[in-house]
Amino acid sequence: MKETELHHDKDIREDLAWSQINSDIMKSLENPRRGFWYTVIGCLVLLAIGITAEVLQYMYGMGRSKNHPHMWNLYIATFIFWIGMSHSGTLLSAILHIVHADWRKPIYRFAEAMTTFSLMTALLFPVIHLGRLWNFYWVIPYVPARGTWPNFRSPLSWDGFAIMTYLTSSALFLYIGMLPDLAIARDNTTGWRKKLYSTLSLGWYGSDRQWRIFRKAYMLMAIFLIPLAVSVHSIVSSDFAMSIMPGWHVTTFPPYFVSGALYSGCAAIVTLFILLRYYFRWEEYMTLAILEKICKLTFAIAMVWTYLNLVEFASVWYGHDIYGKEVLWAKMTGAYAPVFWSMMFFGSVLPFTLAFRKLRRHIPTMMTVSILLNVGMWLERWMIISPTLSQSFYPWSWDVMWPTLTSWGIVLGSFGWFGLLFLTFVKIFPSVSMYEVKEMVYHRRLASEKAQAERRNTGGAQPAFSLSMRKEDGS
Amino acid sequence: MKKTRRILGLFGNFDEATNAIYDIRASKIAGLSVDDVTLISPIEHPDVEEALGDRPVSVQYFTFCGGLFGLVGSWLWIASAQASFLVQPQGGKPVVTLVSNFVLSYEMMILGGVLSTLIGLLIGARLPSRPHTLYSEKVSLDQIGIILELEDTQIESAKNLFRNHRVLEIREEVMK
Chain C
6 MKETELHHDK
16 DIREDLAWSQ
26 INSDIMKSLE
36 NPRRGFWYTV
46 IGCLVLLAIG
56 ITAEVLQYMY
66 GMGRSKNHPH
76 MWNLYIATFI
86 FWIGMSHSGT
96 LLSAILHIVH
106 ADWRKPIYRF
116 AEAMTTFSLM
126 TALLFPVIHL
136 GRLWNFYWVI
146 PYVPARGTWP
156 NFRSPLSWDG
166 FAIMTYLTSS
176 ALFLYIGMLP
186 DLAIARDNTT
196 GWRKKLYSTL
206 SLGWYGSDRQ
216 WRIFRKAYML
226 MAIFLIPLAV
236 SVHSIVSSDF
246 AMSIMPGWHV
256 TTFPPYFVSG
266 ALYSGCAAIV
276 TLFILLRYYF
286 RWEEYMTLAI
296 LEKICKLTFA
306 IAMVWTYLNL
316 VEFASVWYGH
326 DIYGKEVLWA
336 KMTGAYAPVF
346 WSMMFFGSVL
356 PFTLAFRKLR
366 RHIPTMMTVS
376 ILLNVGMWLE
386 RWMIISPTLS
396 QSFYPWSWDV
406 MWPTLTSWGI
416 VLGSFGWFGL
426 LFLTFVKIFP
436 SVSMYEVKEM
446 VYHRRLASEK
456 AQAERRNTGG
466 AQPAFSLSMR
476 KEDGS
Chain S
70 MKKTRRILGL
80 FGNFDEATNA
90 IYDIRASKIA
100 GLSVDDVTLI
110 SPIEHPDVEE
120 ALGDRPVSVQ
130 YFTFCGGLFG
140 LVGSWLWIAS
150 AQASFLVQPQ
160 GGKPVVTLVS
170 NFVLSYEMMI
180 LGGVLSTLIG
190 LLIGARLPSR
200 PHTLYSEKVS
210 LDQIGIILEL
220 EDTQIESAKN
230 LFRNHRVLEI
240 REEVMK
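Protein chains in written order, with the working numbering: chain C, 6 to 480; chain S, 70 to 245.
The hints are simulated quantities; they were obtained by calculation from the structure and are not laboratory data.
Here the structure is a predicted model, which means the values were calculated and not measured.
Treat each hint with caution, since some may be false.
Examples of chain C residues lying across from chain S (beta carbon under 10 Å, computed) [as the list claims (entries may be wrong)]:
1) Ser24
2) Ala167
3) Thr170
4) Ser174
5) Ile181
6) Ala188
7) Asn193
8) Thr204
9) Arg214
10) Gln215
11) Arg217
12) Lys221
13) Tyr223
14) Pro232
15) Lys443
Where a beta carbon is used, it is the ideal one built from N, C-alpha and C, also for glycine.
With the hints as extra help, turn the sequences into a complete structure.
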């Protein structure tokens, strides 16, 4: 392989100076490409649509009978979509941290931010769901007050606990991981930024005592977050699986939900990776080699999701639950069939593009594919909710429901809300971890110097392990 | 003798800083021990911390206590809330439900563990506080600092030791 190609295959250039890393990241925050501002405007427009739709819904209702079980299905599907989207960021960051996969270092910060803001977006939907917005605090399952008698046996109560725990823990994990970078930002900025970073960095100055405690505390939090992330989406799946509705009462729902959540989260990481790389000119840090790794991970998770889908279909098909079987048949051949087959195409066939190296390294293709994968994942959530409600045990509720424009407006608004939160975060805070990129560069430089010294000692001959590793790479 | 002075030496790389610490450990400055040394660095570096010797970290005890409190406390809290439901018809189901309460207690165990880890971090790392008075912004760029607490008579030997290891800059202050 040519030397230039080898250079491009590295996760990061090991000759990057530490001071350059600081200045690259901090300067880029001040001066993003124009596309960043266009996206901000786009998000503002979406949010305005969402707010208008919410006001209309508040004033005129949804245009349907309140007794119709379909009434809220778009909001429930979108709630699950946002909860799912939140999954990959913190979970993958924690897993990769524990196994010391250092390629996570340039990308984990924005992925964790994605988790926090997705959860904040998801939390809008139970409130919108309520209808009576002024009673929003009634969704919090605290002990009997107001005569509401929260039912702790209900998965909906579990949801409240699990999501609030996940939001709190993810936000703290994000903040703690950012402390050393906030100190760097404090030392390299002036004006309002310096004041903000000085307050948030809490006086961190990088003493050996602080680093030792930080390392252990961060690892402990990572260990807690892995089972927490799995439990959150398992509990969301219990909202459905613990009912006896056809199509929902399925044993494989918890792993199916977790894999779907990881899948949509990974696809979102790819989308945001490409956008941030472009907005902030972070080609040096968000390299194609790292993009390839995330794409491979997404492909693997896509195949797990496909398998769990097939298991679910098979268990319903060969089971003795005729109602469940009818719902499955209606999904495949009824009014929702185009949505069902689109879901299968986007979720199970399209990911095969991720299996090809040339395509994984082609940014426009990966941008398009990652967005379509998430379209597929949104359709999956729609397919979980709607067909069951269309054909449940009550014949009076049999109906094919398509959402109203008002409902769609609120869903679009949620994308604007998420986008604005995320873009504000990446504009204010360093979304590439500077201190960890320095560690990555430092350790790789040491390894490279060691390898060079070994080559010199062996008279220029390539060590055997090096050749075999390159072959495994497919290069 | 009382420690009255504090000096900071800034180094260009970890090797020099580590060697300087090993020299301090080898008692090259009379009366100065490795306990008087604070290393400040832009990244965590276990090798240099090894040179500094074992310095115990107790954050895990906070985590354990917080997790246990979350588990037991939430179970009692939820069970006591359920116990006040007695006026409601239960339909033959138990008032305090073990299985569903376990799910909630599990979540609260994690929340308790995470929050107490944060408290342990803040207490252990002495945060929030003002950065060290001798702190140099060059540390957040690419330099490694060693801070020593010294008696007046040790200052010159310490500076010489730093110079032997190609120190880039030395700062000094009188301790209040």
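ask   = In ascending order, which of the hints set out earlier in this document are inconsistent with the structure?
value = Every hint satisfied by this model.
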